[in-house]
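Enquirer: Note that the protein sequences, when read in sequence, are chains A and B. First residue of the first sequence? That's 1 in this note's numbering, and the numbers climb one at a time after it. First residue of the second sequence? That's 1 in this note's numbering, and the numbers climb one at a time after it.
Be aware that a few hints might be false.
[To be verified] Ranges between beta-carbon positions, derived for each pair:
#1 A:V59 to B:N170: 44 to 52 Å
#2 B:D248 to A:N51: 39 to 47 Å
#3 A:V70 to B:S113: 51 to 59 Å
#4 A:V115 to B:G223: 32 to 40 Å
[To be verified] Calculated from the model, a selection of chain B residues having no Cβ within reach of chain A, i.e. all distances over 10 Å:
#5 N27
#6 G33
#7 A177
#8 A292
#9 S313
#10 T333
In short, the hints are calculated from the structure, not lab data. Quick reminder that beta carbons are idealized off the backbone N, C-alpha and C, glycines included.
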Amino acid sequence: MIVSLDPEVMQIAGRSLALAATSCAIATLIALPLSSLIHFNSFRGKRLLINVIQTLYSVPTVVVGLFVFVFISRAGPLGSLGLLFTPAGIVIGQVLLVLPIMMGLTISALRGVDVTLTDTAISLGANRFQTAYVVIKEARFAMLGAVIMGFGRAISEVGLSLMVGGNIRGFTRTLTTAISLETSKGEIELSLALGMILLFIALVVSIVLNRLQQR
Amino acid sequence: MSTSEPIIETTDLGQRFNGQDVLRGINLSIERGEVFALIGPTGSGKTTLLRLLDLIDTPSQGKVYFDGTDVTESTGQRLEARRRMAFVLQKPVVFNTSVHDNVAYGLRWRGMSRDSIRNRVDEVLEMVDMADFHKRNARMLSGGEIQRVAIARAIATEPEVLLLDEPTANLDPVSTARIEGLIGDIIQRYQTTIVMATHDMSQGQRLAGRVGMLLNGEILQTGGWHEAFNTPRNREMANFVGIENIIDGLVLTSEDNVVTIGTNHSVIEAISDFAVGDRVHACIRSEEVTLALSPISSSARNSFSGEITRMTSTGPVARVEIDCGFRLVALITNRSAGEMSLEKGKSVHASFKATAVHVIKQD
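Sequences and hints are given; from them, build the entire structure.
Expert: Below is the structure:
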């Protein structure tokens with residue numbers, strides 16, 4: 001089925017990739033500046049905030065799904081936008097799901113930069129922004145790792161896509177929701193094919209992550 | 001080429017970490033164009049002081065003046081002053097990029113044009129003998145090479161003040177000689193004001209004209225090298241500057257600036273104005289002690305007989321330990337030691353002048 005590039009399987013795989021990539025890109029745009037802001041500023045409750053972010057790493061996908069469902073269902077505050085059971089709804093959910101892990105790992109990456117490098121930049125005459133630029137540049141590979149981890153979490157989640165996307169064939173069906181459905185229908189062969197694609201994507205993500213961490 | 005105008009001045013500067021004073025009451029004046037060495041043992045506060053002078057850290061108390069302006073508080077003024085200085089940290093780190101970019105950073109931050117940056121980077125890399133290293137990743141360099149990149153990076157900005165923190169710590173002798181040569185070149189070529197921290201007395205002496213002795217967070221004295229070596233302020237500093245003969249005693253007589261100091265078994269004459277009854281340390285540099293096989297009549301007012309208890313030889317110099325009621329160490333040439341056939345157990349006469357004794361009051 002994979003070898004014959006079954007159009008439906010390929011479409012589902014493509015959709016999964018596109019949704020996870022979109023969510024990841026949006027989450028990156030939010031997480032990187034927000035994490036930098038948290039890292040480079042001292043404020044009351046900073047440690048607590050970081051603890052909360054780290055706790056949210058393991059928030060169950062169904063909890064995020066429920067939260068988003070309540071917000072975008074017809075009776076919810078964003079109900080008028082008609083986002084429930086749409087790819088956009090899934091993207092919103094995935095963004096919320098991966099934000100904590102991306103932010104937490106980005107903050108860790110920035111903290112991991114040798115403090116002597118910050119001192120060196122300051123002593124060379126860097127102002128606050130130039131110093132931040134140097135630190136971010138030094139942490140770039142670890143920060144990219146955070147993005148890839150976020151992508152991994154987005155593409156592998158199932159509960160959220162089921163609840164918010166509705167697993168609509170040809171519209172919001174993703175690799176994970178399809179596996180769930182096909183298995184319950186007894187279509188083990190199809191489920192295995194989809195599972196292998198998912199594993200292959202996970203493998204690529206893992207290889208890229210490893211290579212980045214070696215730099 | 002010093003003028004009398006100070007480029008950096010500190011008044012009552014202090015730094016506290018976790019409720020503990022790391023630096024106290026630092027009043028320092030660095031003149032434009034001078035090479036000033038901060039010496040003191042590890043943990044004496046040298047790095048903390050350099051960080052305050054470079055305006056990386058804010059002091060807990062006191063003020064820092066740069067070129068006559070108080071730059072202790074204002075962020076803008078601190079940045080402006082910092083851009084007229086450069087600091088090579090004790091363990092320099094390089095940015096994870098090319099050697100060229102490492103050197104170029106400081107220039108970019110000063111808004112220099114791309115062409116000017118290229119020319120300047122070429123010039124300084126040439127100076128540190130790393131002209132072929134432009135594209136190399138700086139993280140892949142050896143310790144000595146990283147130190148040279150750090151110095152190139154610092155001098156690229158043509159600082160008015162260059163701060164160096166133990167510039168040759170952790171380097172092998174060849175790299176050390178190379179870095180020292182480089183610092184010498186910078187002094188010659190740019191007449192930059194240099195403040196360097198070192199625990200290597202001889203290195204400080206080779207490079208700097210004036211010295212500040214830092215101990216337990218306080219500057220005990222500033223002045224020339226002769227003063228630092230021969231007239232330390234307290235016992236700890238005397239130890240640090242390499243005075244091996246520090247003999248405890250009590251002032252027995254004091255007349256016309258000549259005192260006699262009673263030790264356990266002997267009396268030492270010295271030039272000092274301490275009063276009778278004062279508890280003091282008599283400090284004698286081991287190179288001031290002369291040895292002979294028989295008593296000699298000389299101007300040396302202190303002469304003691306004793307037995308050699310230990311002899312070691314380093315390079316052209318022999319270090320002889322003598323028990324003459326108290327332990328006395330003499331440094332003589334190996335040649336003299338050979339001529340006198342000195343060896344362990346042999347009786348000798350040790351002498352030193354009253355003027356060679358530096359007297360410090362006991363704490």
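Enquirer: Take the hints in turn and mark each one as holding or not.
Expert: Comparing the hints with the structure gives:
{"no.": "1", "hint": "A:V59 to B:N170: 44 to 52 Å", "verdict": "holds (47 Å)"}
{"no.": "2", "hint": "B:D248 to A:N51: 39 to 47 Å", "verdict": "violated (58 Å)"}
{"no.": "3", "hint": "A:V70 to B:S113: 51 to 59 Å", "verdict": "holds (57 Å)"}
{"no.": "4", "hint": "A:V115 to B:G223: 32 to 40 Å", "verdict": "holds (35 Å)"}
{"no.": "5", "hint": "N27", "verdict": "holds (24 Å)"}
{"no.": "6", "hint": "G33", "verdict": "holds (21 Å)"}
{"no.": "7", "hint": "A177", "verdict": "holds (25 Å)"}
{"no.": "8", "hint": "A292", "verdict": "holds (55 Å)"}
{"no.": "9", "hint": "S313", "verdict": "holds (41 Å)"}
{"no.": "10", "hint": "T333", "verdict": "holds (45 Å)"}
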